[in-house]
Every structure is written in structure tokens, then in C-alpha cells.
Amino acid sequence: MIDMEKFDRVLKRVEKPARYIGMEKNSIIKDLNRVKVKFAFAFPDIYEVGMSHLGLHILYNLINNEEDIACERVFAPWTDMEEEMKKENIPLFTLENKEPIKNFDFIGFTLQYEMSYTNIINMLHLGDVPILSKDRREGDPFVIAGGPCAYNPEPIADIVDFFVIGEGEEVILEILDRYKDFKNTNKSRRDFLKEICKIEGIYVPAFYKVYYREDNTIDRMEPIVEGAPSTIKKRIIKNLDQVYYPEKLILPYIETIHDRIPLEIFRGCTRGCRFCQAGMIYRPVREKSIDRLLELAERLVESTGYENISLTSLSSCDYSELKLLISQLMDRYEEKRVGISLPSLRLDSFSLEVLKEIQKVRKTGLTFAPEAGSQRLRDVINKGVNEEDLINAVTYAFEEGWSTIKLYFMIGLPTETEEDLLGIKDLGYKVKDIFFSMPKEKRKGNLKVTLSASCFVPKPFTPFQWVGQNSIDEFNEKINLLKDNIRDRKIIFNYHDPKLSYLEAVIARGDRRLSKVLIRAWEKGCKFDGWSEKFDYNKWMEAFEELGIDGDFYALRERNFDEILPWDFIDAGVRKEYLIKEYEKAKEGKLTRDCRLGCTNCGINKSFTGGVC
Amino acid sequence: MRLRVKFTKENYLKYISHLDLMRLFQRAFRRGNIPIKYSEGFNPQPKFSIANPLALGIESEEEYMDIDLEERISPKAFIEIMNKELPEGIRVLDARYVKDNRSITSLISWAYYQIYFEAKNINSGEELNKLVNNWLEMDKIIIKRIRKKGRRVIEKEEDIKPLIGNIVIKEDKQGEENNNLKSVNIVMNCLLKAGDKGNLKPIDLLEAMEKYIQPGIDFDSMGIKRIGLFTERGGSIELPM
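Protein chains in written order, with our numbering: chain A, 1 to 613; chain B, 1 to 241.
All the given hints hold, so there is nothing to weed out.
Only pairs whose alpha carbons sit at most 20 Å apart, straight line, appear in this in silico EDC-like list of lysine to aspartate or glutamate: (1) A/K12 <-> B/E59; (2) A/K194 <-> A/E138; (3) A/K87 <-> B/D218; (4) A/K194 <-> A/E174; (5) A/K356 <-> A/E335; (6) A/K12 <-> B/E118; (7) A/K524 <-> A/E546; (8) B/K37 <-> A/E335; (9) B/K47 <-> A/E334; (10) A/K576 <-> A/E588; (11) A/K86 <-> B/D220; (12) B/K120 <-> B/E207; (13) A/K336 <-> B/E71; (14) A/K6 <-> B/D220; (15) A/K180 <-> A/E195; (16) A/K356 <-> B/E40; (17) B/K211 <-> B/E155; (18) A/K16 <-> B/D220; (19) A/K442 <-> A/E399; (20) B/K197 <-> B/E157; (21) A/K25 <-> B/E88; (22) A/K6 <-> B/E118; (23) B/K84 <-> A/E247; (24) A/K30 <-> B/E88.
Here are some of the chain A residues that sit facing chain B, going by a computed Cβ distance under 7 Å: (25) P17; (26) A18; (27) I21; (28) Y253; (29) I254; (30) G305; (31) R337.
In short, the hints are calculated from the structure, not lab data. Please read these numbers as outputs of a predicted model, since none were measured by experiment. Beta carbons: idealized from backbone N, C-alpha and C, even for Gly.
Hey, can you work out the whole structure from these sequences and the hints?
Okay, here's the thing in C-alpha cells:
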């Protein structure tokens, strides 16, 4: 345990000290001297962000269900806390027992977004754990990582001892079981890694060597340790009704980003939007049954007292019995004033009926994502939504009394033209016209339309994984075009920082040569890069320059189909031929149907079973 | 039906804000199936209010709230259920039905605090006591208060003397010697005006003390605990329940 006197002193000086105190309802504190394995679940961002992550709650409770294993949480301390901890010599500690993370057997990071990687380095450093995998010795923790960004693990290959690719509920217990056995022997770290690299879904980067060509592309990647598989197959859970789901959730004292019950209704998505990594890597679709969901909802409301249940998934309106589920939940919880919310709404009449149902209890925010401004471009990205849908949806929303509408778009999508861009503006103005075409007495509230544009980042395992990203200059021109054209006090135009999106693109499709850039950028002070007030683009550029690594090579370059991509050794279920075909269809503006309506041959049902396929 | 509840907020829970505390109670009421009343409308809120929100970092042995209930439950059952649902740092001490329609916030007019600090310019509690008593003899004690009105910052002078009920030095202990500097550990109780008709924060009092009589307070060492809230009737102070 850290020195609690120092801890108390430090708490007096920092903003939001409750981030660091732990002891929330439903948190689990075990006697660390009486467990066999200590697992630190590490989220490389602040408490409020990390506590909003469903995977944390699942794995935390799942691991703690094992009597002889303790799972404790650790988050990135905000910069003020970091300063104070350094002054007092307090090493990074877990919230439960305030135990330094270096005393744990595992430190497991979840990789939710690329721009949190410097925080991983920083947390290891604050925890007195060697940053590079090769510098860790017997007795040091194993640094492991999983989550969506682990589908391209290469940029942090030098830092992480092993990755878990895919869904973690089963494999994490397999790992911990093997570790218990390992602890009873005199075997080395390397022996342990050699053993677990045979488990499906485990990737030990140190067991592979990558050879490069003169043009800096990859020539080949080879296992250099016997038994290390040449392909790593992602793990999936076959039956979502039978998989573990927590019946208790840690209840934060302070408000978090998603401060409600996350009720996961299904995994995967059948829509096939071509820019969307989640839609590809989480295939196939697997639903939880209504009975199971009602049972979970009851336990979770009972154990937390939360006032809202969020039906989470990648596209919640696609749940096959959504209306039934919602009406059952409403029947049960209306009296208790527990609201139901849907994090993602599609622009169709069905979604709106559902919305109307939910509204009876509590109003939720109204946000739609047409993603692109013109029909042509929406077809390119396979977003099966048309303008009529938007007009119907918005008309309905205004009639029902909404007056604040937010529309999400991406700029820099493949084949985008000026016309497509101005389509974003046109949609905003159309929404405004719909509002004011209603008779005055029917208009409720003050109209506010927000058009929000993010800069497109091509991601691995999507049909756009070969695409060269727009340059920062191109993005800025596009943003300026929209800024100049959107001139209305009712319409607000927001946009993401192209510099941040550029770096995200570099890292998202980077290879293992980037590990040293990440470390150099961190040495220069980069952390919390996802926070605009902390992001320092120039420091990153210095890091690239000093190491002679060209970011444009990763972000801006259009790849050939025959190029070996850094993540090709991972089998995510969706075949490369399918992704190529989808990219070709995109260029022609051809749609691919929702695979609930018939298989589109992505390959997931060939190598994996379960789901709707 | 209005239930008046006395509770504590101690130890690390001093680091959760008033809004955090409201959420915490709201969820504990739901877990415990307390038949609380809700407001009407799209966003129904449970009807309860906590008197005189504590500032972040201050503990309390006696906080009060009023809860509007839909149906009657026995105060004893209420206390039992809530203490099962609440974290250790928050304990319900007492609960009673009240007929009074005035809100608990409007009733409270005095707060009693216990303040711990280290002071390096004095040798004993007795010395501080004398300084304080002389200080309180002044006709006026003026402090500067900063108010923010939109973007403008307005500095205002205020006489806090009428806001100070009393100040008592409870304890003193010689502190450890540090770089040849000796400090005295002081425990001081003070009764300060609280509520809509005049309010003095304990930290403002300490800053004023430092400004006028310079005991050399180490603000890093300071710990504040509220040990009572009182109503005023006919010139004397009374417990709210």
C-alpha cells in the first residue's frame, strides 16, 4: 500500500480528489496477501472516462468472481495529480487497495483509441514498471492489452508483453488459470509467454520478426519462436446469453461520461458501413434474449439504483425484438422512474416510433449520423440512409417537441467532392426550413441545429484500410469551405482538429517501428493527446523528425491490394477478398445489403460459428 | 409527508460534492425502495433537499435533509434501510416526520465548525486565544470578497463581524520541530452565520484571521469539520430536529 499520509496530503491539492479515492458501492476489495493472482485493470485515461467503459465492468466483476484472484482498477491520474504524486514520491496505485501497480502480476490495458497510447507509457512510468517489454525482469508484472485497437497491435508491440485479440471473457480466465500453474513452478517469464502464445487469440509480439523492403513496406513477418502461430485468430463468444455479464456495477461517486446502466443487447452489426471498424471486427451479430436482458436489468437496477438503462450495441435499433424489449422494460420501471435510452438512433420511422415510446419517461438527446452530405457519398460508404429518411425523422422530431438536433458527418471520405461537402450545409439548412415551415403555434422551443464534422481516419479491417487520408491542408480547406458557407445563427458548425485525426491515422495503421516514436513523443511531454487542451502536435512532429520516421507514409499513402499490411497476421473473420470487393463497390457507389437480409459473404461464418450468419 | 433526516458525511466522502451527494442519495433511495415523491414532467426528479451544501473537503457530523414521501414508512425502518445502502462515511443518525412547511435550508441560520490547523507564529493556544479575543473587540472586520458577474470580477468589501458567533480555542499541542521552526497544532471551534441571511465560510474566517492577527496558519495542514447546524429563534439557537 502507498503511504496514506502522503495520499491524504495530495488529495487536498488536486482537482476532483474523488477520482482517486475508490471505495464506491459495489467495488471489490480483497486481501491481497490472500489471493494467488493480482490483476490491475488499467484504463489509459481519467476515471470519468474509464468508468464509462463497459468492458471494464465486465472484466472487473468476471475476474473478481474467482475467489483467489483480485482485480483492481487503475486510471491515468490527471496532470495535477501526476505532479503531486511525483512531488511526494507516490507510485501509481490501484483504487481498491491503493497498491502500487508494480506489485501486480498483470497490468491489463484496454485499447479504446489510439491517442491514449502515450498515457499507457506514462502510467507504466509512474508505476515504476519498465516501459519496454524487453526490459522487464522476473517478478515484474506482465503488461497485456486488449480492446478494439488491439486489432492492429503493432504500434505498441515493443511495450506490451502480449495482446488478447477479440472478446476477452473466456480467454482472460484461461490466461489466469495458466498463470496460477506457472506461479507454482520455477519457469521463467519467457516460458510462460511460450506457453500462452498457443492459446487462441494471444499474440506475443516479441516472438515475431518483421522484415521490411527498401520502400519501407513490409516484406514478411515470421515467428522466431517455436510454437508461435503465424496467424492469430480473434476470440469470439459464441452464445451471448450464456456469457458472463455483471449483475452489479461499481457506482461512481462523481459523474462519469456514461453515468447509467449499460445493458448490452447484442454484439456485432450487420449494416456494413464501409468506414466502420467496429462493424467489421465485432462480427457476427449475436443477440441476448429478452428474458436474459430483463433478468439482468432487474438485478442491475436493484444493485445500483441508477435512474437510466442504456440499451447498448453498435446499432441498437437493429435488435430484432426492440419494441417488445422496450415496452417490457417500461412496464417494469416507469413507476420507479428508471428511464430507457438508446445511444444510437437510425434515421428511419421505426427508430422514431421507438423514440416516442422511450420519451414517455425521460427525454434523451437527439442525434443522427448521416455521415455524408450527399446521397452519392452515402452510397460510397454504404450508409443506407437517404434524405427522405432525414426529412421524415426531423419533421417527426419537431412535431414531437424537439428543437435541438445534432447531425454527425465525416469529411475526407474517399471520392469526396466539393458538392458532397456542401451537401452537409444543405442538410443543415433543410432541417432549419422544416422547423420554420411548421405553423408558429406548433413550434416548440428554440431551434438549434449542430452540424458536426470529424475528419475521416481509415482503419484496419475495413474496406477503406488501403485509403490515403486527406492531408491536414486538404482537411483545413474543406473545413473552411463549410465555415464560409454555413452562415446562420440557428446552425452551428463544429469540426475536429485535423492534426489529431492525422496522428490517429498514423497510429491506427502503423507498424512496430512506431513504438519508438510514441516513447519519444511521451519523453517530450505528450500525454492525454485525445484532450484538445493537452494535445501538442509540434512535439509529435519533432519526435517523428528526430527518429527519421515519416508520418505521411502511414497516414496519407494509398496502399496496393498486394501490400502486406502490419495487421494482416490477424484473422478477424472478415476475409481480405471481401474487403477488397467492398472497396471496389464503394468506388462505383454500389450498395451492399444489410446481411440480416441475406449473407454478403464476408467470411465470418466460414471461420467462426454463431450469430445470424 | 416530510421526513427530516440527520446524517454524517465523513472521512474520504468529504471529497464528493453536493451534486455527487444528491445523486448518491437518489440512487440509494431507489435501491432501498424508499417511497419518495417525484416531480412532474419529462424529467422527474426525487423531491428532497439538503440544507446548506458543504464545500468540497469539509467533513460533517451533522447534516440535514428533508425528504417528501409518497407514503409513510417508519423512521426506524428508514434509518435501517439507508444505513445498509449508504457508504460507511455517510450514516443516517436520526429521522423524524415534521409538519413544518418551511424548507430545512430556510430554517438553518448558524453552523458550528471544528477546525484543525498548524500555526507557526504563536507559542500556545492561550496566546492565540488572546489575539482572537482582541480581534473580535474591533468594531468592524472587513474582508474582500470576490464575486463573479458574468465575465466581470467584482471585488467587494464586507464586514464579517456580525457573521461570527464565537470562536473558542479547544486544544493546543506542540508540533514537531521542522527546520528549527516550531509550530503549534490548534483545534478551534467557531460558530458562523449560515444560510440566505448572511453566510461565512470557515476558510474565509481563517484567511481573515491570518490577515489581521497573523498566527501563521499552514493552510495545507488545515482540516475542517462541521459539527452542528442550528436554527435561531428569539435570539437563542436551537437544533433543527
